[in-house]
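Student: Dock chain B against the given chain A, drawing on the hints supplied.
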Amino acid sequence: MIYLQLFLSFLQIGAFSFGGGYAAMPLIQSQVVDLHQWLSLSEFTDLVTISQMTPGPIAVNSATFVGIKIAGIPGAIVATLGCILPACIIVTIIAWLYIKYRNMQSLQVVLSTLRPAVVSLIATAGLTIIISAIFGELGISIEAIKIQMVVIFGICMLLLMKWKMNPIFVMVLAGILNVAQYFIIGNIL
Amino acid sequence: MNRDKHKLRKLFLSTLYLSAFTFGGGYVIVTLMRKKFVSEYHWIDEDEMLDLIAIAQSAPGAIAVNGAIVVGYKLAGLIGVIVSVIATIIPPFVIISAISVCYEVFRTNLIVALMLEGMQAGVGAVIASVVFEMGTGIVKEKNPFSLVIMAISFIVTYFFHVNVVYVILVCIVLGLIKTFLQKGREKA
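Going line by line, the protein sequences match chains A and B. Residue 23 in my numbering sits at position 23 of the first sequence, with consecutive numbering throughout. Residue 41 in my numbering sits at position 41 of the second sequence, with consecutive numbering throughout.
For the record, the hints were derived by calculation from the structure and aren't laboratory data. As the structure is a prediction and not an experimental result, all values here were calculated from the model. Take every hint as true, because none was put in to throw you off.
Stretch-level coverage of chain B by chain A, calculated; a stretch enters the list once three of its residues show a Cβ under 8 Å from a Cβ in chain A:
| no. | stretch |
| --- | --- |
| 1 | 13-23 |
| 2 | 56-70 |
| 3 | 81-89 |
| 4 | 108-122 |
| 5 | 128-138 |
| 6 | 171-181 |
Subject to a maximum C-alpha distance of 27 Å in a straight line, what follows is the list of computed DSS-like cross-link-like pairs (lysine-lysine):
| no. | chain 1 | residue 1 | chain 2 | residue 2 |
| --- | --- | --- | --- | --- |
| 7 | A | Lys100 | B | Lys35 |
| 8 | B | Lys36 | A | Lys100 |
| 9 | B | Lys36 | B | Lys10 |
| 10 | B | Lys35 | B | Lys7 |
| 11 | B | Lys5 | B | Lys35 |
| 12 | B | Lys10 | B | Lys74 |
| 13 | A | Lys164 | B | Lys35 |
| 14 | A | Lys100 | B | Lys178 |
| 15 | A | Lys146 | A | Lys164 |
| 16 | B | Lys140 | A | Lys162 |
| 17 | B | Lys142 | A | Lys162 |
| 18 | A | Lys100 | B | Lys5 |
| 19 | B | Lys74 | A | Lys100 |
| 20 | B | Lys142 | B | Lys178 |
| 21 | B | Lys74 | B | Lys35 |
| 22 | B | Lys5 | B | Lys36 |
| 23 | B | Lys140 | B | Lys178 |
| 24 | B | Lys183 | A | Lys100 |
| 25 | B | Lys140 | A | Lys164 |
| 26 | B | Lys142 | A | Lys164 |
| 27 | B | Lys74 | B | Lys36 |
| 28 | B | Lys7 | A | Lys100 |
| 29 | A | Lys146 | A | Lys162 |
| 30 | A | Lys100 | B | Lys10 |
| 31 | B | Lys5 | B | Lys74 |
| 32 | B | Lys7 | B | Lys74 |
All residues carry an ideal CB built from backbone N, CA and C; glycine is no exception.
Chain A on its own, in the form it takes in the complex (with noise of 0.2 Å):
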């Protein structure tokens, strides 16, 4: 029952990934690439590419992406409630609590217990892309090392780090880079 795997996986993404921004992103590999493979890592890494350029956040698009992938437009639907109604049931009883009672404080130090937590997930999750994209899928390996790749990397990070530039641009920029070195260095060679 495709649908109701669907719905599963994405209910415990949106039930889990806590604190914004890319937190639910190692939830979405564990269950989207190494536990169902309804994507491979490179199309995974093309979905958070494409998150990040578009408006909307990353556990929305993913289930959308990936619903429509598995079971079309009625399995995005799908997947999208899923990852939604963990949300929906959490926050408006939280909202309701805070509108009566007015207190937070617990909340916020069970957060600050999660927060180093998410970092490493994140770095792991990333981690993973960084080594798929320098490597590919087999992992890593000297002959396999794609050396423009480790360049493309370094630019960008020199871009991100040092002078601060717009994330979605220097992704734009490292696909463009990656498309003219192809064809300059097809040429001479």
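Tutor: Then chain B, alone, in the frame of chain A:
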């Protein structure tokens, strides 16, 4: 009744608009929500909005969706939640549906494939820089408890492929224990 309908329509249209045109993720969208609902419409007062944003950021799920839920609930109860959540997910749903059709068609095109391949290195760099910033923030707090959690979570997920959900559950339990210990100390 008529005024309620008017308010719901306005809520729907403003969350739809914010969701369709906000690039840069949840943190940006809640800031814009504050501008719209506090400064422009005067529907929510400033202090309350700050707390509602804190709820949206600390509960599980996407911040943009959570922001829509708290604002919708505050303004019109459960019907408000439904209206603002639907308005928030329509834009990404439509945009990504359109893109995924193009994606299947264009993925085999050489230029598109090269572009996407290069962008994988780019997005890897973006994530690395985000992790670096978040990580240094936590290291600077010099809280040994946080550092241990950070190190252990990385080791178990990267090297031992432990399911992400378990790591989060364990941290929630630890956080709850910490809350009770602090409460106990305050009472003593």
